[in-house]
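Participant: This is what each chain is made of:
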Amino acid sequence: MKNIITRAAVVLLLAVFMVPSAISQEIGIIQATATVISSLSILGSNNLVFGSVTPGINKIVPRTSAGFAGEWSITGTSLSELSLTLTLPTVLDHTSAAATMPISFSSTDAAISDGTGSQSAPNAVVDPNGPSVFRLGAGGLMYVWLGGTVQPSIAQSGGDYASNVTLTIAYTGN
Amino acid sequence: MRRLFIGVTLFFLIAASSAAQTITVNNNLVFGDMFPGVPNTISKYTAGAAAEFHVSGTNGAEISIQFTLPTKLTKIGVSIQLIFFDTDCAIDHRPNPDQSSPLFDNLDPWSTLLYRLGVQGLTIYLGGTAVPRIVQPPGAYTADITLTVAYTGA
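Those protein sequences? They're chains A and B, same order as listed.
Heads up: the first sequence begins at 1 in this note's numbering, then just goes up one per residue.
Heads up: the second sequence begins at 175 in this note's numbering, then just goes up one per residue.
Chain A on its own, in the form it takes in the complex (with noise of 0.2 Å):
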């Protein structure tokens, strides 16, 4: 009987130390993952070149004509669709003297390129003075031209003019 009574009381402490190691709390642990894709770079590789003007006389360059259109190269993640602002300006600035040139822009002055076009045969023609929305090609390559047009004024007065194009660009998510 005192041997029953001893294991019976092992048992119970054995018991009662189970219990509360069975209640006590339990972790479960996950991870929250994420891949970056590269990083988009642009570089802006040619400068829009109007050349000498003659006063009172518009001068026009293509979009197409290579070496004097604006010309900006992008390269990102393959295949991703891209937003492209353009921030034209509407003069361009004496760069020594306060005087001004007007400077516009058509709703077909800029095209682009996935890598699969060329500035004479783009994929897409493209209004300057809006967003756009493209995707790089497979390459992760994206070219951008610019055309305008400057309108000299009879009296413009002589010597060099200059202003900033900006193209803005970023990743949509898409």
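All clues stand as given, with none of them false.
Calculated pairs, SDA-like style, for lysine to any residue (alpha carbon to alpha carbon, straight line, at most 20 Å): (1) B:K249 x A:Q31; (2) B:K249 x A:S38; (3) A:K59 x A:A162; (4) B:K246 x A:T33; (5) B:K246 x A:I37; (6) B:K246 x A:I29; (7) B:K246 x A:G28; (8) B:K249 x A:I37; (9) B:K249 x A:T35; (10) B:K246 x B:S285; (11) B:K246 x A:T35; (12) B:K249 x B:V305; (13) B:K249 x A:I29; (14) B:K249 x A:S39; (15) B:K249 x A:T33; (16) B:K246 x A:Q31.
Quick caveat, the hints were computed from the structure, so don't treat them as lab data.
Model the placement of chain B on the given structure of chain A, informed by the hints.
Facilitator: Below, chain B without anything else, positioned relative to chain A:
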């Protein structure tokens, strides 16, 4: 006396085993490919992308549920901001939990939650938002999300 001994033993063994609880991780919180500068939100309703835990234990028992949430996804030397909103968690303790329409929705993962286990236990879903910078270095980022559960005794 021998019967008493066996009865006492069985009682405590049953008590101990019925109180056991386990957490099974069914799914990580997967943001997938992310574009620099483009925030990415994973909804708690999105199967296969939202985090999913399953807790099993004694039917009807109340448990406390507490997350230890990271604020950043990291890889060596760099990080991405990670946000958990106060509605990013949901729980369902029905036998067939529905992730797209959970029984208890819009729960705050930053708070301690108290819910009762169902017949099949309880399933917890968690969404989140990652905010990479525009110049975020490419690569794989990770963070641990820890879930701690315990019986309240209620």
